Structure formats: C-alpha cells, structure tokens
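Trainee: Protein sequences, first through last, are from chains L and A. By this note's numbering, the letter at position 191 of the first sequence is numbered 191, and the numbering carries on one by one without gaps. By this note's numbering, the letter at position 82 of the second sequence is numbered 424, and the numbering carries on one by one without gaps.
Distance condition first, Cα-Cα at most 20 Å in a straight line; then the derived SDA-like pairs of lysine to any residue: (1) L:K96 x L:Q266; (2) A:K467 x L:L28; (3) A:K474 x L:R31; (4) L:K131 x A:F380; (5) A:K474 x A:Q527; (6) A:K467 x A:Q527; (7) L:K131 x A:L624; (8) A:K474 x L:Y29; (9) L:K131 x A:I629; (10) L:K131 x A:L383; (11) A:K467 x A:V456; (12) A:K474 x L:P26; (13) L:K131 x A:I384; (14) A:K467 x A:D543; (15) L:K131 x A:A381; (16) L:K96 x L:S181; (17) A:K474 x L:G38; (18) A:K560 x A:L452; (19) A:K474 x L:A35; (20) A:K474 x L:P42; (21) A:K560 x A:L530; (22) A:K467 x A:K560; (23) A:K467 x A:I550.
Some but not every residue of chain A turned toward chain L, in silico, with C-beta under 8 Å: (24) M393; (25) P415; (26) L516; (27) L572; (28) N576; (29) V623; (30) V635.
Keep in mind the hints are simulated off the structure, nothing from the lab. The structure presented is a predicted model; accordingly, all values stated were derived computationally and were not measured. Even glycine gets a Cβ: it sits at the ideal position worked out from N, Cα and C.
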Amino acid sequence: MSTPTVVRSGAQASGRTGSQTLRKHPPLYRRRTRAAWGFALPFVLLFVTFTAGPVLMSLGMAVTDIRSRDLRNPFAVEFVGLDNFVTVLQDPLFLKAAGNTAYFVLVGVPLTLGLSLGIAVILNAGITRFKTLFRVGYYMPVVTSIVAVAVVWRFLLHPDAGLINEVLGWVGIDGPHWLASTTWAMPSMIAMATWRSIGTLIIIFLAGLQGVPTSLHEAAALDGANAWQRFRNITLPTMRPTLLFGAVITGIGYVQFFEEPFVMTQGGPLNSTLSVAYQTYNQFGFGNYGYAAAMSYVLFLAVVILTVIQFRFLGERDTPRRRRLWRRRPAPTAVARQEIGR
Amino acid sequence: MSTTTGRTQPPPTEPTTDAPVQHRTKERPIGEARPNPFAYLILGVGLIVVMSPFAWMALSSVKSAGEIRQVPPTWWPEAPTLDNFTALFERLDFPQFFANSTIVATAVTLGNLVFCSMLGYVLAKSEFAGKKLLFRLVLGTLMIPGMVTLVPLFVMVANMGLVNTYMGLILPFLAAPFGVFLMRQFFLGIPDELIDAARVDGASELRIFLQIVMPLAKPALATLAILTFLGSWNNFLWPLVVATTEDKYTLPVALALYSTGQNQTDYGLLLAGAVVVVVPVLVVFLILQRYFVQGVAMTGIK
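Model the full structure from these sequences, guided by the hints.
Mentor: Structural data, given as structure tokens:
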C-alpha cells in the first residue's frame with residue numbers, strides 16, 4: 001500500500017479548499033485518517049487487486065501485441081503503441097459492430113426512457129389503488145436471469161409456435177421470422193432490453209416525481225395550465241436531475257450491449273446483432289488479447305463520450321440542486337467541525 | 343417556471359374542464375389527479391405485456407413436448423405434466439447447480455455487506471486525508487465496461503490457481519463499488535450529532551460503527567443484501583468463464599450450456615430449468631419488494 005502518497009494527495013486536495021487549519025494537520029485529524037483507512041483497507045485491498053489492477057493490466061495489454069500463447073512467456077510481447085487502436089478502427093467487423101451498437105443505443109435509450117417516464121407519470125397521477133402491484137409487476141423482468149429470459153423469449157419469438165406471431169395473426173399481420181431476419185433481429189433485441197430495463201427506471205422516476213412540489217402544480221393549474229403544459233413546464237424541468245441519472249445509467253448499460261445477442265442470436269444473422277462488447281469478447285476468445293483490450297478501451301471511451309453528451313444535454317449548470325447532486329463539496333460547517341476537532 | 347410568466351393565459355372560462363381544481367381535497371393535490379379509468383387501462387395492458395412471458399414460461403413448463411411445439415400454440419396446458427421437472431433432476435444435476443449458486447451468492451452478499459458498509463461509513467461520516475480520491479476512484483469504476491477487466495482478471499485468477507474453484511467465483515465480486523455508493527448515500531442521512539455524542543462518551547470508532555451506526559442501517563443493509571444476492575445469483579458471464587466442470591456450474595451457466603446445441607430443441611426441459619432459476623428469485627423479490635424500491639430510489643435521488 002502506498003499510504004503516504006495517498007495521504008499527501010489528500011492533504012493537497014483539502015489544501016485547495018482554502019482552509020488554513022487543514023494544512024496544519026491537527027493530531028486528531030491524523031488519528032481519524034488512520035482510523036478511516038483502517039475501515040477502508042479490506043475494501044481497498046480487494047478493489048485494487050480485482051478491479052483497479054485488471055483495469056491497468058488491460059491498458060498495458062492494449063498497447064502490446066500480446067496473444068494468449070504469450071502468457072507463458074511475457075517477455076516475447078512487444079510494445080506496439082497505438083497500432084491496435086488503428087487496426088480496430090479499420091476493422092470492417094468492428095465498424096459493423098459499432099454501427100449495430102449505435103443503432104441499439106440511439107433507439108433503445110430514448111425508447112426505454114420515454115416508456116418508463118410515461119408509465120411513471122401515469123402511475124403517479126392517475127392511480128390510487130394497485131400501485132404496488134404495478135410497480136412490482138413492471139420490476140419483475142429486472143430481477144430475472146438473462147438466461148431464463150432468453151429461453152422464454154426465443155420461444156415467444158418462434159415464427160410458428162411463438163406467442164408474438166400468434167397475437168399478430170389475430171389482427172391479420174403475418175409476423176416475420178424475428179431472430180433469423182437481418183431486419184428484425186435487432187428490433188427484437190431492443191424490445192427485450194427495454195422489457196428488462198423499464199422496471200428500474202420506473203422506480204427511479206417515481207421517486208423523482210414525488211420530489212416535484214405540488215404547490216407549483218396548483219399555482220399553474222390556477223393560472224389555467226392544462227395537464228400537458230404542467231408536465232412540460234413543471235414536471236420535466238424539476239425532474240431534470242433524475243432524468244439525467246436515468247439516462248446515464250441506461251446509456252452506460254446499453255453501450256455495453258452484450259448479453260441479449262450472446263444468449264439469443266450469437267451475433268447473427270449475418271452479424272446484424274453483433275455488438276462492440278460481443279466482438280471484444282470474441283477477440284478475447286480467439287486469444288487476441290492486445291487487440292481485444294484496445295477494443296474494450298474504445299468501448300470505454302464510447303461510454304465516457306455518451307455520458308458527457310448526456311450531461312451537456314440534460315444537465316443544468318449552476319443550480320444549487322445540481323451541485324448538491326453531482327458535486328458534493330465539503331460544507332463550511334464540515335471544515336469548522338474539523339477545526340474544533342469534534 | 344415559465345408557465346406563469348411571459349404567457350398571457352386567459353382565465354379558465356369553463357370551470358368544468360378544470361374539475362381537479364374544484365374538487366380537489368387535501369389528500370389529493372393537483373399533481374396527483376383523480377383516479378382515471380384510462381390510466382388503469384393503459385397500465386393494465388402494459389402489465390399484461392410485461393408479465394405474459396412469465397405466465398407463458400410457467401404454463402408451458404408443464405406441457406408435454408408435443409404440445410409445446412403445437413401450431414397454433416396453446417395458452418393453457420391441455421394435459422399438465424411434471425415430466426419436464428423430473429427430467430431436470432434426473433438427467434441433469436440441478437441440486438448441485440442450485441447449491442453452487444446459493445454458496446456463491448451468499449458469500450458475495452456477506453462480503454459486500456461488511457466491506458461496503460465499512461468504506462461507505464467513513465466516506466459519509468469521517469473527514470480524512472485521501473477521502474475524495476478514494477470516493478472518485480470507486481465512483482469512476484462504475485463507468486468502466488466489464489469487458490475491460492474480463493481477461494486480465496481471468497489471467498490473474500488463473501495465476502492464483504483459482505480457476506474452477508468457489509474462491510475464483512467469489513473473490514472478484516466481494517467488494518463492489520455500487521455497494522459502497524449505496525451505503526454511503528444511506529449513512530449521509532444519519533445525524534452527525536448521534537456519532538458525536540458517542541465520541542464524547544469515549545466510544546472507539548469501531549464501537550460506534552458496530553453498536554450505533556450498523557443497527558440504524560438495517561434497511562440499507564437489507565437493500566444491499568437483496569440487490570447483491572440477486573446480482574450474484576443471476577451473474578452469467580464470469581461463472582461461464584471460470585467454472586469449467588459441472589460440479590462448479592451455477593444455475594444460469596448450466597441453463598445456458600444446456601440450451602445450446604442439440605438441447606436447444608428440448609424446450610420443455612429448458613422452460614422447466616428457467617422456472618427453477620427464476621421462481622426462487624421472484625418469491626424473494628415479492629416478499630422483500632419494498633426494499634428494492636427503497637434501494638433503487640436511494641441510489642437515484644440522494
């Protein structure tokens with residue numbers, strides 16, 4: 001453990017807050033730091049070994065030509081700089097996977113968000129009885145194993161014996177061969193992912209909706225605003241931090257789109273459901289560790305970019321509420337308490 | 343809000359269209375209008391759509407092989423049979439898979455309860471050097487895709503000789519950033535005065551944690567336990583990679599491996615397997631559902 005380094009950086013960080021007392025390091029503060037790191041140690045050890053370590057190893061792999069057979073003889077590995085990244089970006093299969101992932105994210109995220117917001121609003125507005133039933137019902141797919149989901153959905157989507165085409169047949173539609181069609185396989189994946197994800201978002205949005213002050217609604221209603229105007233001008237702006245949170249967690253999950261095609265289509269037909277994460281998994285399977293690690297970092301970059309875009313798009317700046325949510329700064333009272341030594 | 347400003351609203355000429363204003367009571371403010379039959383209709387249809395895969399799964403698992411493939415499909419089983427379930431236990435070693443899933447999920451849950459609450463507590467209630475860095479590090483890893491660590495993690499676990507062991511299945515998940523975040527959010531809500539009072543009385547940090555903070559944190563611990571247990575129970579990719587022989591398969595791995603290849607056509611067996619994987623989870627969920635709601639809401643809003 002490099003405790004001294006950590007302590008120093010922490011001291012610098014607290015020095016930046018501009019408090020003179022912190023720089024002096026009162027003995028109580030030091031003692032509390034020791035106690036706190038004692039509490040943190042078990043987690044930090046596990047975290048460094050099984051999370052931080054592998055992340056750095058992966059970065060190391062990404063700039064080398066390491067393959068699975070090199071594991072016995074790590075010195076045969078050569079540093080290749082950014083070559084892997086260049087190869088990734090020129091690989092037609094990667095580009096195909098990137099396109100598929102973009103399709104999945106661009107359609108799936110708004111669909112999931114919109115649907116769950118709609119359901120949450122209706123639940124919040126027009127429902128007094130069976131609220132728990134609805135909430136629990138919509139959440140059930142979230143707690144269900146993807147493997148079991150796959151078994152059922154493969155069956156539901158079966159062209160002849162499946163429930164979905166049967167229902168479509170009632171209204172005279174001849175349902176397609178869902179999972180074997182390059183056109184319909186991806187929409188099937190999106191439907192499945194949406195079905196699996198709305199439960200969480202509904203609960204988050206319900207919590208957010210309860211934070212919308214009813215006095216605002218009452219005032220607006222007295223001024224003659226109708227339900228849609230109140231939703232558009234009161235609910236949505238107040239819900240912004242919650243919407244942002246929902247968009248970010250959904251986006252992070254959807255960019256890593258992997259399980260649905262893995263258990264349903266194996267990326268087919270004709271790679272139409274191959275995602276970047278799936279392609280990375282395949283390359284790891286082929287033993288192209290360096291190449292796959294580079295691809296996984298491209299995926300990471302995509303997650304970061306999407307998150308930044310969402311913050312730009314949905315995040316507000318300089319409102320007290322947002323700062324409280326996303327940047328917890330130490331309150332002046334905390335500094336004062338330290339000074340006194342509590 | 344721009345509703346009231348910059349907009350010339352004519353006063354509501356027809357009071358009847360604004361019925362909620364007139365008939366509203368204290369229990370039902372305007373934001374929550376009167377129960378609307380359309381709302382029930384929409385939500386009910388949605389619920390049927392969401393639940394029908396489960397119903398279909400349960401009903402079809404007691405159908406015979408012939409009926410499952412029947413075109414057009416039947417909804418209600420014509421001749422219910424438990425053959426699929428007996429096959430599951432006779433042809434496959436499902437009790438073993440069930441035990442494996444239980445062992446791994448229990449161990450992972452216990453580990454997370456201890457380690458995450460310890461770190462979450464100091465991150466919420468203690469000022470110390472390195473706190474910010476630690477919190478950012480933990481939070482930052484929430485964004486890193488699982489694919490990034492998959493192979494290095496596997497290589498490391500292999501070097502430790504833990505492939506195809508319970509330890510290999512458990513250790514990488516013992517300390518999850520999500521748990522720290524959840525516990526920290528909860529501990530932030532515990533009043534400082536309580537902890538300060540104990541300090542004044544001379545209690546050690548460990549004693550404060552064990553005797554004052556932890557008993558208060560029961561709802562959060564329950565939430566974390568449920569979410570972690572389920573996550574571990576349903577975890578698929580890592581056990582698939584690490585468990586190499588049948589005696590270490592967890593339920594999802596077993597189900598996935600039997601649902602590919604020639605078994606793919608044995609829908610009855612697979613549906614029965616899916617029921618065995620899903621039903622325990624759903625029962626636990628239905629009993630403890632309010633903790634789920636709390637947990638999700640807690641990480642979402644605070």
